[in-house]
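Asker: Sequence:
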Amino acid sequence: MAVFKVFFQEQLDSRIIREETITRYFEAESESEVRTALKDSRLNIEFVQELSPAHLEYEKNNNADFKVEDI
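Positions 1 to 71 (full-length UniProt numbering) are the ones given, in order, by the sequence shown.
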């Protein structure tokens with residue numbers, strides 16, 4: 001399993017504005033599993049990034065809202 005950081009806008013029909021981007025973290029086997037699980041969520045997904053161990057550690061230590069969700 002890996003941890004993926006998902007960058008998205010809350011409304012599927014909204015245009016992407018970087019300053020309004022929200023992130024959530026999910027544990028999954030692959031990027032496609034994350035995208036498949038979220039396809040009916042009505043989120044405008046910008047990017048899905050698999051986190052390296054170092055990046056994951058950084059997020060844990062520097063993001064007060066860090067929480068990994070199960071798919």
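It is worth saying that the hints were derived from the structure and are not from the lab. Check before you lean on any hint, since a few could be wrong.
Stated by the list, open to error - Each computed DSSO-like pair below joins lysine-lysine, with the alpha-carbon atoms no more than 27 Å apart:
| id | residue 1 | residue 2 |
| --- | --- | --- |
| 1 | Lys67 | Lys5 |
| 2 | Lys39 | Lys67 |
| 3 | Lys39 | Lys5 |
| 4 | Lys60 | Lys5 |
Stated by the list, open to error - Estimated spans, in silico, between C-beta atoms of each pair:
| id | residue 1 | residue 2 | range |
| --- | --- | --- | --- |
| 5 | Ile17 | Asn63 | 17 to 23 Å |
| 6 | Tyr58 | Arg15 | 16 to 22 Å |
| 7 | Gln11 | Asn61 | 18 to 24 Å |
| 8 | Thr36 | Glu10 | 15 to 21 Å |
Ideal Cβ positions, reconstructed from N, Cα and C, are used throughout, including at glycine.
Asker: With reference to the structure, classify each hint as holding or not holding.
Answerer: Against the structure, the hints:
1. Lys67 to Lys5: holds (10 Å)
2. Lys39 to Lys67: holds (21 Å)
3. Lys39 to Lys5: holds (15 Å)
4. Lys60 to Lys5: Holds, at about 12 Å.
5. Ile17 to Asn63: 17 to 23 Å: Since Ile17 and Asn63 have Cβ atoms about 21 Å apart, the given range 17 to 23 Å holds.
6. Tyr58 to Arg15: 16 to 22 Å: Because 29 Å falls outside the window, the suggested range is violated.
7. Gln11 to Asn61: 18 to 24 Å: For Asn61 against Gln11, whose Cβ atoms are near 31 Å apart, the range 18 to 24 Å is violated.
8. Thr36 to Glu10: 15 to 21 Å: 20 Å Cβ-Cβ, so the 15 to 21 Å window holds.
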